[in-house]
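Going down the list, the protein sequences come from chains W and G.
Note that the working numbering has the first sequence beginning at 10, numbered continuously upward.
Note that the working numbering has the second sequence beginning at 10, numbered continuously upward.
If you are wondering where the hints come from, they were derived from the structure by calculation, not from laboratory data.
Keep in mind that this is a model prediction, so the values were computed, not measured.
Be a bit skeptical, because a hint or two may be false.
For chains that are exact copies, the list does not tell them apart, and a pair is met inside one copy or across any two.
As the list claims (entries may be wrong) - Calculated pairs, SDA-like style, for lysine to any residue (alpha carbon to alpha carbon, straight line, at most 20 Å):
{"hint": "1", "residue 1": "LYS166", "residue 2": "ARG186"}
{"hint": "2", "residue 1": "LYS72", "residue 2": "GLY50"}
{"hint": "3", "residue 1": "LYS166", "residue 2": "SER143"}
{"hint": "4", "residue 1": "LYS166", "residue 2": "ALA156"}
{"hint": "5", "residue 1": "LYS166", "residue 2": "ARG56"}
{"hint": "6", "residue 1": "LYS72", "residue 2": "PRO232"}
{"hint": "7", "residue 1": "LYS72", "residue 2": "ALA178"}
{"hint": "8", "residue 1": "LYS228", "residue 2": "ALA156"}
{"hint": "9", "residue 1": "LYS72", "residue 2": "GLU59"}
{"hint": "10", "residue 1": "LYS166", "residue 2": "GLU132"}
{"hint": "11", "residue 1": "LYS166", "residue 2": "ASP66"}
{"hint": "12", "residue 1": "LYS228", "residue 2": "PRO175"}
{"hint": "13", "residue 1": "LYS72", "residue 2": "ILE108"}
Protein chains: 2
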Amino acid sequence: MNKNQSAVVLLSGGMDSCVCAAIAAREHGAEHVAAMHISYGQRTEARERESFNQICDRLGIAKRMLIENRSLAQIGGSALTDNTIAVPESGHIGAGVPITYVPFRNAHFLSAAVSWAEVLGAETIYIGAVEQDSSGYPDCRPEYYDAFNQVIRVGTKEGGIEIATPLIALRKAEIIRRGLELGAPLELTWSCYTEQREACGVCDSCVLRLRAFEAAGVKDPLPYAARVAAHS
Amino acid sequence: MNKNQSAVVLLSGGMDSCVCAAIAAREHGAEHVAAMHISYGQRTEARERESFNQICDRLGIAKRMLIENRSLAQIGGSALTDNTIAVPESGHIGAGVPITYVPFRNAHFLSAAVSWAEVLGAETIYIGAVEQDSSGYPDCRPEYYDAFNQVIRVGTKEGGIEIATPLIALRKAEIIRRGLELGAPLELTWSCYTEQREACGVCDSCVLRLRAFEAAGVKDPLPYAARVAAHS
């Protein structure tokens, strides 16, 4: 390959993508990392965008693209994008694909990242997908990324672009430890599916996050709603 | 599969997708076909959307979704979405991937179609991709759709959705003949990359279309700019 060593990172503003961006910045140098954030009508859109920008500022990532994907909310079918479907409190984790699954969402995100990588001449796309300790989404498994890499190989102008999933096999507690080692700004991240000021502490995403901090023996720096904070 | 037999068709409003929609309507019944159209900042956006609606009306497809994908134009890198890059006149056909290639475009389209198919419970996604007589886009080849089908198998909630490319191995003249047999309204389609009232007749898309009608021995019903019409 005669390409430069630049990379695109998909950065939602959550804990996993923050650590993933820190890894990309370490491996490529922040000046060679381009960060993409996608608003798709999810409930905490504004809060996540704020986290995205703050994390980029902290990591020194200047090249950014904010994308609005309105099709996912238009198509619906998920509690994250349809306010008539309630976000469940945890207790479902591990029991099949939950209602917070946004149909085929990650393919939309990867498609945008690949398009941008083709234009930039970037050769790696980082995404913070995690299989273990996850909500059970089908598009967070290694075989999904293997298959998508094949689509990229045969479906781009020059090939030479590959998705990297450095967190996919890690436990959530390991991701926190890796983030702390790298100086990833976990205090700037946002994980809650429903709230934008104080995390609810009871949706799947909050529960997985709180369990992870507990397992890592570290206090989660985020503010949580009172009923949760009282028990933590 | 315990699904119904419904289908999603990606319908740009061009000749190939029109014939593809006619095939889907014949195979599933128009009442079981849902048509998706994507505006992505291409030069002839309004004209294509008009064709989409007229073709749906004629084929009896009531279920429609119009999507606006602004990310492709934001990302750029193509003469179709960037007005500072000229659309070349033909003569390049067959000489590598042309500048009208929109980076990784079809993955955006397929992703939206798969998301919708998951919500609708549809099991087939029709796309009018053509390999032969084409502009040489990498995302119009059978191996691309094979790879994408694998992404769908591993990356959706229940699987059971497959992309169908009924035109992929046909010559353009055969597509016209197939369309005429099916009563596909070719007179309502739009192919030109640059113009919206009279087709330019000189972009790759017009040239491929005109060659196809000539090979099929049929007159193209579309209006062409005078300099082209004089020679046809």
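Hints breached by this structure: Of the numbered hints, 1, 2, 5, 6, 7, 8, 11, 12, 13 do not hold.
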